[in-house]
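For chain A, the structure is supplied; the task is to place chain B on it using the hints.
Each chain, letter by letter, is given below.
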Amino acid sequence: MAIGFRRGERHLREFRSSPGPAVQPSIFVAIALPTQRTISETREGTMRIQIRSPQDFWTGMIFVALALFFLLSGLQLALGTSVRMGPGYAPRLLSGLLLAIGAALVVRGIAIHSPDTDSLHFRPMIFVLGSMLIFAFALERLGLALTTLLVVAASSLSMKGARPLEVLVIGVLAAAAASGIFIYALKLTIPLWPSI
Amino acid sequence: MGIIDNLSLGFGVAFAPLNLGFAFIGVMVGTLIGVLPGLGPLTTMAMLLPVTYYLPPESSLIMLAGIYYGAQYGGSTTAILVNIPGESSSAVTCVDGYQMARQGRAGSALAVAALGSFFAGTVGTLLIALFAEPLSKIGLMFAPPDYFSLMVLGLIGAMVLAHGSLLKAFGMVCLGLLLGLVGTDLNSGAQRYAFGIPELGDGLDFVPIAMGIFGLSEIIANLGRQGDQRAVVSQKVRNLWPTREDFDRSWPAVLRGTGIGSVLGLLPGGGALLSSFAAYSVEKRISRTPEEFGKGAIEGVAGPEAANNAGAQTSFIPMLTLGIPSNVIMAMMIGAMMIQGITPGPQVMSERPALFWGMIVSMWLGNLMLVIINLPLIGMWIKLLNVPYRILFPVIIVICGIGVYSVQNSTFDVVLTAALGLLGYVLIRLGCEPAPLALGFVLGPLMEENLRRSMLFSRGDPAIFLTSPISAGLLALSAALLMTFLLPNFRKQREVVFRE
Numbered sequence: 001m002a003i004g005f006r007r008g009e010r011h012l013r014e015f016r017s018s019p020g021p022a023v024q025p026s027i028f029v030a031i032a033l034p035t036q037r038t039i040s041e042t043r044e045g046t047m048r049i050q051i052r053s054p055q056d057f058w059t060g061m062i063f064v065a066l067a068l069f070f071l072l073s074g075l076q077l078a079l080g081t082s083v084r085m086g087p088g089y090a091p092r093l094l095s096g097l098l099l100a101i102g103a104a105l106v107v108r109g110i111a112i113h114s115p116d117t118d119s120l121h122f123r124p125m126i127f128v129l130g131s132m133l134i135f136a137f138a139l140e141r142l143g144l145a146l147t148t149l150l151v152v153a154a155s156s157l158s159m160k161g162a163r164p165l166e167v168l169v170i171g172v173l174a175a176a177a178a179s180g181i182f183i184y185a186l187k188l189t190i191p192l193w194p195s196i
Numbered sequence: 197m198g199i200i201d202n203l204s205l206g207f208g209v210a211f212a213p214l215n216l217g218f219a220f221i222g223v224m225v226g227t228l229i230g231v232l233p234g235l236g237p238l239t240t241m242a243m244l245l246p247v248t249y250y251l252p253p254e255s256s257l258i259m260l261a262g263i264y265y266g267a268q269y270g271g272s273t274t275a276i277l278v279n280i281p282g283e284s285s286s287a288v289t290c291v292d293g294y295q296m297a298r299q300g301r302a303g304s305a306l307a308v309a310a311l312g313s314f315f316a317g318t319v320g321t322l323l324i325a326l327f328a329e330p331l332s333k334i335g336l337m338f339a340p341p342d343y344f345s346l347m348v349l350g351l352i353g354a355m356v357l358a359h360g361s362l363l364k365a366f367g368m369v370c371l372g373l374l375l376g377l378v379g380t381d382l383n384s385g386a387q388r389y390a391f392g393i394p395e396l397g398d399g400l401d402f403v404p405i406a407m408g409i410f411g412l413s414e415i416i417a418n419l420g421r422q423g424d425q426r427a428v429v430s431q432k433v434r435n436l437w438p439t440r441e442d443f444d445r446s447w448p449a450v451l452r453g454t455g456i457g458s459v460l461g462l463l464p465g466g467g468a469l470l471s472s473f474a475a476y477s478v479e480k481r482i483s484r485t486p487e488e489f490g491k492g493a494i495e496g497v498a499g500p501e502a503a504n505n506a507g508a509q510t511s512f513i514p515m516l517t518l519g520i521p522s523n524v525i526m527a528m529m530i531g532a533m534m535i536q537g538i539t540p541g542p543q544v545m546s547e548r549p550a551l552f553w554g555m556i557v558s559m560w561l562g563n564l565m566l567v568i569i570n571l572p573l574i575g576m577w578i579k580l581l582n583v584p585y586r587i588l589f590p591v592i593i594v595i596c597g598i599g600v601y602s603v604q605n606s607t608f609d610v611v612l613t614a615a616l617g618l619l620g621y622v623l624i625r626l627g628c629e630p631a632p633l634a635l636g637f638v639l640g641p642l643m644e645e646n647l648r649r650s651m652l653f654s655r656g657d658p659a660i661f662l663t664s665p666i667s668a669g670l671l672a673l674s675a676a677l678l679m680t681f682l683l684p685n686f687r688k689q690r691e692v693v694f695r696e
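Protein chains in written order, with this note's numbering: chain A, 1 to 196; chain B, 197 to 696.
Bound conformation, chain A alone (with noise of 0.2 Å):
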């Protein structure tokens, strides 16, 4: 397989992470250098096409990807009639909706050059979302003391350059400001300490 490493690079590593049906590996064969004007054929044979639009094209790659999921699985619902539509009806047609909008736009990405991009900042979405996962992981087991300051500690980490004292202190006062509130003040029910 054949990748160029430009411009959307950062997307497809992105995308083939992401989770949902398999798509059809030769639709994402190669992305070619923006001076490429046409489809044409490299050395090993491979077809490659320019993206002129990355933004449009991933998203419809999303879009059909989604569409893909909820399609295949929402095939065992009954369909109905339109009369008396079955639980399948309305997840077919929209999920049918949402492939043909995402096919749409994989085409106009290919086909029509738009101005862009934003790439994806990793080093904050990886530690923002892990520090999410983090408190769902531990709240129950480690209490909302220590998950506090362990999500603190964690999110932290999307900076350049924290610092270790500052951040050890807002932690502290975040998880007695946060037990305070939540557990004393609005009496939620949250383990405020590990379970022994």
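Treat the hints with care, as some may be off.
[Unchecked claim] In silico contact screen, one side only, chain A against chain B (beta carbon under 7 Å); selected entries:
hint, residue
1, Gln55
2, Phe63
3, Ser82
4, Pro87
5, Ala90
6, Pro91
7, Leu98
8, Ile101
9, Phe122
10, Pro124
11, Leu133
12, Ala174
What the hints contain is simulated information worked out from the structure, not anything from laboratory work.
Yeah, the Cβ is synthetic: ideal placement off N, Cα and C, and Gly gets one too.
For chain B alone, coordinates are given in the frame of chain A:
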């Protein structure tokens, strides 16, 4: 009951000490998060939604409403002093407000923004009081096909008014509708997209969607944008009163902004953001000195600030009278009503007049409180602006987590929020607006139900949507909206408006 009786009932409810207290908390929190960039009213409401479970319905809705319109006031402070929109709807205010601050006219700009907002908020509240009753009477005549068409209109409105590509917005609506289908189908009892996970059996909750797609992705985007340093205009804000000249120039702009905002707030997909953009471009166009815009024209502050507040108020009208949210914030309000066991719709006004009128009067009171909070306490809000984001955002993430978890004590929802945050962030970076998705999600189940009933009623004949006059009218309106968008002329103008 006449309007006087209604309003006096409302005053009784709004002045009850508990409700007065929660209105105050709401507008304080609203101003606070409005001032702080990176934390919007939607995320805040989502965080507080689980808490409202413990409050009486009146207090809960009064507080949440206060957060929304309070944020409109707070956002303008940040826009004027720091040149960063504290709130997306105050983005336009940055342009001329910040220039005024640099010229030493910050006091004038802040005062005009607050007083203009107050005037617009008062007019908006009055409009709700006047039109809510007749509109909810119309709402009671709605049959399933009419509701379906109304929601079609809502979604098309959200698509047309979103930034960027119409096709992408359409895709986001479909995705939202699909996500809305997750869970047990009410008609057949079949499980849809639950994959044997018990937490999915009841469907997705709105809070993880809102928090993931708006909250988390906003935080990531802010962190990615680290380069911009904030430069607070450090001069002391003196003379918190507009000069004679500023006053004379701003009141007509406030009047126009109020009118524009009141109308645009009603539109599905409209609300505060669109209103402020529209008001700015109108002011610039009719001004005799358009060259002053961008260099500190007071009209460029007065018009949009009035418009965003009027829009924030009138966007309550479709939600309160028809039970249909016109934007994502209103979807959140509907979520809050459901937590209290109230089904939103035209019957709310007749069945729970105390709730309805209490909320309306409290909006006016809240606006009054906001003028008082914002002007004399401006120094406190400026101090707050100096809190660096690196201290704020870890705390925001913790609060997001607690908010999502406490909706139904489920860590699964927190994981779901992270997953939706990933999807939301990637899609936003690819140029897709999240608002149509959220609106689709809320309307999905309702649309399916009304479509089903209509088709059952008409024995599968889709012509029913055209034979019912209300439905036909709404569909015609949707078609017209779509057509105006597709006309090249309007399209160009829309791009201009969004670019400014």
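Practice item. Please write out, lowest number first, the hints stated earlier that are contradicted by the structure. Key: 9
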